[in-house]
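K.L.:
These protein sequence lines map, in sequence, to chains Z and X.
Taking the working numbering, the leading residue of the first sequence gets 5, the next gets one more, and so forth.
Taking the working numbering, the leading residue of the second sequence gets 60, the next gets one more, and so forth.
Worth flagging that the hints you see were computed from the coordinates, not collected in a lab.
One thing to keep in mind: the hints can contain errors.
[Claimed, not checked] Listing some non-contacts, in silico: residues in chain X with all C-beta distances to chain Z over 10 Å:
| # | residue |
| --- | --- |
| 1 | 73 |
| 2 | 90 |
| 3 | 105 |
| 4 | 122 |
| 5 | 133 |
| 6 | 144 |
| 7 | 165 |
[What the hints assert, rightly or not] Only pairs whose alpha carbons sit at most 35 Å apart, straight line, appear in this in silico DSBU-like list of lysine-lysine:
| # | chain 1 | residue 1 | chain 2 | residue 2 |
| --- | --- | --- | --- | --- |
| 8 | Z | 45 | X | 168 |
| 9 | X | 111 | Z | 45 |
| 10 | Z | 45 | Z | 24 |
[What the hints assert, rightly or not] Among the chain X residues that face chain Z by a calculated CB cut under 7 Å, a handful are:
| # | residue |
| --- | --- |
| 11 | 103 |
| 12 | 152 |
| 13 | 155 |
| 14 | 157 |
| 15 | 162 |
| 16 | 166 |
As the structure is a prediction and not an experimental result, all values here were calculated from the model.
All residues carry an ideal CB built from backbone N, CA and C; glycine is no exception.
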Amino acid sequence: GAVVSQHPSWVICKSGTSVKIECRSLDFQATTMFWYRQFPKQSLMLMATSNEGSKATYEQGVEKDKFLINHASLTLSTLTVTSAHPEDSSFYICSARQGQMNTEAFFGQGTRLTVV
Amino acid sequence: GNSVTQMEGPVTLSEEAFLTINCTYTATGYPSLFWYVQYPGEGLQLLLKATKADDKGSNKGFEATYRKETTSFHLEKGSVQVSDSAVYFCALNNNNDMRFGAGTRLTVKP
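Looking at chain Z on its own, in the form it has when it is part of the complex (with noise of 0.2 Å):
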């Protein structure tokens, strides 16, 4: 199947700070990629969906202004958690789909952010 990357595995950072995570589609191109969160043994909640070229669509009561995606190119988008603090601490999951509908998701490796 596709492969999707996510980088960093983990990450510490203080509080205050930012932390960038990059997902990237290796091997197809992604017109449209999701960002989630998952706290302890909870499922997944939809952050936001990245499309390339534009401006990323938010799910109600997620902060576009401390939550900013960017969507450079078809392989790659980027989750920028800006000013930190110890409740953003939490596992962040990318996915992406190849464009056509009714087709599975392939998801990054995941990122655990913890924020002292």
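Given the structure of chain Z, go ahead and fit chain X onto it with the hints provided.
P.N.:
What follows is chain X alone, placed relative to chain Z:
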């Protein structure tokens, strides 16, 4: 709207036991259905899928059949192993709207 409901866990089984994780969905039209597995500290991996009614998805001994009449996609495995311990997510994709169930944690004991 589109939604997925799966049985709540956690589920604990002994090795070689039979596994069923129930999943039902709500959707208009003809969604594709999926089961994903998440191992600790990792992202989700596609386990199997079915794209139309009566299709059976299968992989690594797991099976699920797309039942439109009961709007279900139950996951089954005849004999689980310790290595199957993970969280399992049922999902659907209906016209690019992808929805996930809450996840079911499976623990298999030797």
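K.L.:
Work down the list of hints and note, for each, if the structure agrees.
P.N.:
Do the hints match the structure? See the list:
| no. | hint | result |
| --- | --- | --- |
| 1 | 73 | holds (22 Å) |
| 2 | 90 | violated (6 Å) |
| 3 | 105 | violated (5 Å) |
| 4 | 122 | holds (17 Å) |
| 5 | 133 | holds (18 Å) |
| 6 | 144 | holds (14 Å) |
| 7 | 165 | holds (13 Å) |
| 8 | Z/45 to X/168 | holds (19 Å) |
| 9 | X/111 to Z/45 | holds (31 Å) |
| 10 | Z/45 to Z/24 | holds (24 Å) |
| 11 | 103 | holds (4 Å) |
| 12 | 152 | holds (5 Å) |
| 13 | 155 | holds (6 Å) |
| 14 | 157 | holds (6 Å) |
| 15 | 162 | holds (5 Å) |
| 16 | 166 | violated (12 Å) |
Against the hints set out earlier in the document, violations occur for numbers 2, 3 and 16.
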